[in-house]
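Chains as they are written, first to last, in the UniProt record's numbering: chain C, 1 to 428; chain A, 1 to 428.
It is possible that some hints are incorrect.
Where chains are identical, the list cannot tell them apart; a pair therefore holds if satisfied intra-copy or between any two copies.
Said to hold, decoys possible - The calculated lysine-lysine pairs, modelled on DSSO-like cross-linking and capped at a C-alpha distance of 27 Å, are:
no.	residue 1	residue 2
1	88	387
2	156	182
3	87	111
4	387	426
5	111	415
6	175	294
Honestly, the hints are just simulated from the structure, not real lab data. As the structure is a prediction and not an experimental result, all values here were calculated from the model.
2 protein chains.
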Amino acid sequence: MAMATSPHSLLLQNPTPTFLKNPKLPFTAVPMTSTRISPTTTAKPMSIKCAATTTPIQDLRPNPPESQDRVFNFAAGPANLPENVLKKAQSELYNWRGSGMSVMEMSHRGKEFSSIIQKAESDLRTLLNIPQEYSVLFLQGGATTQFAAIPLNLCKPDDKVDYLVTGSWGDKAFKEAQKYSKPKVIWSGKSEKYTKIPAFDALEQTPDAKYLHICANETIHGVEFKTYPTPKNGLLIADMSSNFCSKPVDVSKFGIIYAGAQKNVGPSGVTIVIIRKDLIGNAQEVTPVMLDYKIHDDNNSLYNTPPCYGIYMCGLVFEDLLEQGGLAGIEKKNKKKAELLYNAIDGSNGFYRCPVEKSVRSLMNVPFTLEKSELEAEFIKEAAKEKMVQLKGHRSVGGMRASIYNAMPLAGVEKLVAFMKDFQAKYA
Amino acid sequence: MAMATSPHSLLLQNPTPTFLKNPKLPFTAVPMTSTRISPTTTAKPMSIKCAATTTPIQDLRPNPPESQDRVFNFAAGPANLPENVLKKAQSELYNWRGSGMSVMEMSHRGKEFSSIIQKAESDLRTLLNIPQEYSVLFLQGGATTQFAAIPLNLCKPDDKVDYLVTGSWGDKAFKEAQKYSKPKVIWSGKSEKYTKIPAFDALEQTPDAKYLHICANETIHGVEFKTYPTPKNGLLIADMSSNFCSKPVDVSKFGIIYAGAQKNVGPSGVTIVIIRKDLIGNAQEVTPVMLDYKIHDDNNSLYNTPPCYGIYMCGLVFEDLLEQGGLAGIEKKNKKKAELLYNAIDGSNGFYRCPVEKSVRSLMNVPFTLEKSELEAEFIKEAAKEKMVQLKGHRSVGGMRASIYNAMPLAGVEKLVAFMKDFQAKYA
């Protein structure tokens, strides 16, 4: 019998494993000349006849999702997504569940995408236990668009509103609100480099302020609200972009919660707004239609074409969070990761320092500096060699920042901590 | 020798094809007891020893991208994407080109994403031959946000502007502009059900209008500008959402061209704005920061987090268009497809009717009705059985609509035309 000239040819007989039935694979199945193997017969010697083929071996699958190719990505957003979510998205990118099209190709008004957006909303409602009196909107434009949308929708131009500013993002929200309302910064952490949150009873809230605005987690400065102030007039607004779905939240305390997805729950391009329904419907006349909550609410986020693929990705993340048991369990995991890292910093005898007041340190974003600041570039460089990337601090702050969102595995934090210890041993 | 108890177990010897090295596959490689097969030796009888395993067969690859699973998707947007673009996106979703992360996880300010957005812009400039005096912006918020952004950026509230309304989208743009300027509809096709474009010399343009706005292709009504009017004051603004990159355009004729990506060039969530630089920088005070062209231009679309994955997808589409030889060739293909379909309609003895004036019929969106309108539901249903979907006309218009963007293959139009002939034969 002729022998194989290509080592990539094989002769196999029934039953043929599924993968071998694929005609695209680089070998040809050639019938065997001897008896079928069956579980009950004794082995007989057989000849293996190989058919030559000129088809070169190609790995026709997409790059196998080998975890060893992944880096530990400490970016602040866009950020890590859960590996299983990415694999699922990859597997169904070309043809979503037998529909014959990608999610990216679906009509946003068709039945397939309707099921996707409805499930995403439903799962989010479950995760956050969102009361029925709240609408959930999936919008474009980032949290930065909401900085304008909120005063535009809730205020007349002369209305007073209070901003409690604990970092750069609260400050940006305040500045944008100046165009559409009369905002006041009732407290700012700026003079202390945004390392604190004040005691709430010490706050001097404006008596007739329409709302009190906070940024629940300041991404750049690593300052996170653990409890929330009670607004004098009952309306608390929170930017939760960088800690959304990282822990349970009592939505009923808020008038509006908004979040860019691209920290904890999806890719960039989707902004989620959870808004109490009675607050909808009084937008100022200069409000662009795309910033008018009533338009979006009346149309279930389908007034125009929503960011469909981003919403789909958020939906996969919500499912994954539910499969992990929901936000109470997620919070535990996040606390464990954060504790590991903060302990490493605090236990370094000053080699590493985190300036944030301990009681308000973020579980999501951990800024720190090196006592020997001249070593910071080396730290970044050596960490990157160890496949830990995006550790550089925000350009407005310098130093280092490790963002450890939901999807950062414990292993990533452990590796970082081990690296930090080694680095210290090397350079102390 | 023990025989296999599971038909899914095989014994294979070196060289082991790549896929068999994967430990996740459901069988175990067990060393053969006989001589290696080599290309030069004669076949020797050998025993095949199979190791039993209980791992069930699973197809571990993502669903193979078989074209026969695809439908012909005539949706108006989101819409078809080129198959090779989808396959490429799928293959690199989990790990983009060795970076160890997905595009969805990249910092928008990192070197990987910088290369992506810069290449996308560069390729678009090549495709459309965009002069250097123009900026290219990748924004969120859809064309609908641009309806507000354009008058906000180009006008004072009392400035007059002209709108030439040839369909629903031009009408929406006009209505939004009323908030921020003094717009006038200088011509409307509404009384003739949006089936025409007027002769340009008959237009009564406002002498001191800041700009003249057109919708270059009306998605709902299938009316497309083949040539462009000359604005009295030199500033022509065009919404090209639904024919962007379907044919060459002389960008220098326009002050601004804007387009939602989700017809011809990408998924939803990205809006491309091509704007002459001298028009940037005079936004009204009430302009939300996210609608201010200067903010975006100064920051190369990275003022805040852009819609990264959508921009990446657009980049893949631009590469694909360049590989096809650019927009002149694309236009030829589109003309051929459109001609096939319009001829089928016009040659049906009135069984099918397209109401649009022949000289302005869109190459992208083909609306038509059945003489026997009671058959329309059946038409949709039977077409869907043949895997041609999303043929229903826009809800404001009824009837049928076939959107045949760049990525609709000729085969899809041929199939539709054949189906239409059969359907007519069946029901005439």
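(message) Regarding residue 88 and residue 387, is the shortest C-alpha distance of 27 Å or less found within a copy, between copies, in both, or in neither?
(response) Both ways: residue 88 and residue 387 sit 24 Å apart in one copy and 25 Å across, limit 27 Å.
(message) I want to check one pair: residue 87 and residue 111. Are their C-alpha atoms no more than 27 Å apart within a copy, between two copies, both, or neither?
(response) For residue 87 and residue 111, the Cα distance is within 27 Å both inside one copy (24 Å) and across copies (24 Å).
(message) At most 27 Å between alpha carbons: which applies to residue 387 and residue 426, within, between, both or neither?
(response) Within. Shortest intra-copy distance 19 Å satisfies the 27 Å Cα cut-off; inter-copy 65 Å does not.
(message) If the cut is 27 Å between Cα atoms, do residue 111 and residue 415 qualify within a copy, between copies, both or neither?
(response) Between copies only: 24 Å across, 45 Å inside.
(message) As a check of your reading, is residue 175 near residue 294 (CA-CA no more than 27 Å) within one copy, between copies, both or neither?
(response) Intra 24 Å, inter 17 Å, cutoff 27 Å: intra and inter.
(request) Measure nothing new, just compare the shortest in-copy and cross-copy C-alpha distances for residue 156 and residue 182 to 27 Å and report within, between, both or neither. (result) both (9 Å within a copy, 23 Å between copies)
Checked against the numbered hints listed earlier, the structure breaks none of them; every hint is satisfied.
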